[in-house]
Amino acid sequence: MNSLALRGGAGVAFKPVHFDALLANPGRVDFIEVHAENYFGEGGLLHAQLAELRRHLPLSVHGVGLSLGGSERLDSQHLQRLKELCLRYEPALVSEHLAWSSHAGEYLGDLLPLAYNHVSLERVAGRVQHLQEYLGRQILIENPAAYLRLAESDMPEVEFIRQLCHRTGCGLLLDLNNLLVSCHNCGGDPSRYLAELPAEQVGEVHLAGHARVALPRGELLLDEHGSAVADATWSLYVEWLVLAGARPSLIEWDRQLPAWSVLAAEVDCARALQCNPYMPACGGGASA
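Quick note, the working numbering runs 386 ahead of the 1-based positions in the sequence shown.
Calculated from the structure, these hints are not laboratory results. Quantities reported herein were computed from a predicted structural model and do not represent experimental measurements. The C-beta atom is built at its ideal place from N, Cα and C for all residues, glycine as well. Incorrect hints may appear among the rest.
Cβ pair distances, simulated, as ranges [as the list claims (entries may be wrong)]:
hint: 1; residue 1: Leu409; residue 2: Ala600; range: 24 to 30 Å
hint: 2; residue 1: Ala537; residue 2: Ala407; range: 35 to 41 Å
hint: 3; residue 1: Ala407; residue 2: Ser539; range: 26 to 32 Å
hint: 4; residue 1: Val648; residue 2: Gln524; range: 31 to 37 Å
hint: 5; residue 1: Pro584; residue 2: Asp406; range: 19 to 25 Å
hint: 6; residue 1: Leu629; residue 2: Tyr533; range: 32 to 38 Å
hint: 7; residue 1: Ala581; residue 2: Asn424; range: 31 to 37 Å
Generate coordinates for the entire structure from the input sequences, incorporating the hints supplied.
Written out as structure tokens, the structure reads:
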């Protein structure tokens, strides 16, 4: 297995429909990423495909259901399955969301917001530290897409993240699409956010598309992962590269999947910008 640490390059969120294209030319991307929960079973076609691709490519495992921002104890079965998955495939990166998604034993099927205050910080830091100790590795925490700010919040999201990194030593998965969505919907300056982020803790970057919804009081951006990377996201990616340099960067496209050539072209854009962020911008997606 290729278990070299990822320090740059560009990859895709693996979907079985693209298995043949990836296997025919695995060097077309630098790594693949999968949602952890899709691989909690022990066998089947999904595992057979992932095992074959893992022979050629580094892997990032991205969790979506651990509910790190929740108020209850982390699910012991979920933790065990995640640990077994990591032991089985030796991923270069493992990440989870700064959000909650379950309560009273019920999975709610969404990534829900938490209040950014010292009470939440203590709780989330303890859960992140427990997760890292359980897996025996650093975890990357992803900034969420926000549609509202809770009244109980008394610190900016970026300050919450800074303190979380300081207390736990966790890394960050910087989702630039989420950052744009949150700043548009809730107010905020993406450039200032990047400047205040602990850049040295960022271990991966996500690039994705978003949708627009017209509302009586304005326009809402939705993090929907069903379209090309937005022009504004490419522009923010350039800003990040100039500020902090290359990180493993993922094209995240989870629904209304395009032809493989479309995904591969976006990988090429990310790679090219890592080599020269001053080149003409990639684009073709919607603008924020």
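Here is how each hint holds up against the structure:
Separated by about 42 Å at the C-beta atoms, leucine 409 and alanine 600 break the suggested range of 24 to 30 Å. Between alanine 537 and alanine 407 the beta carbon distance is about 48 Å. The supplied range of 35 to 41 Å is therefore violated. A C-beta distance of roughly 44 Å is found between alanine 407 and serine 539, which places it outside the suggested range of 26 to 32 Å. For valine 648 paired with glutamine 524, a C-beta distance near 33 Å keeps the hint of 31 to 37 Å intact.
The supplied range of 19 to 25 Å is broken by proline 584 and aspartate 406, whose beta-carbon atoms lie about 40 Å from each other. A hinted range of 32 to 38 Å for the beta carbons of leucine 629 and tyrosine 533 is inconsistent with their spacing of about 27 Å. The hinted window of 31 to 37 Å between alanine 581 and asparagine 424 holds, with their beta carbons roughly 36 Å apart.
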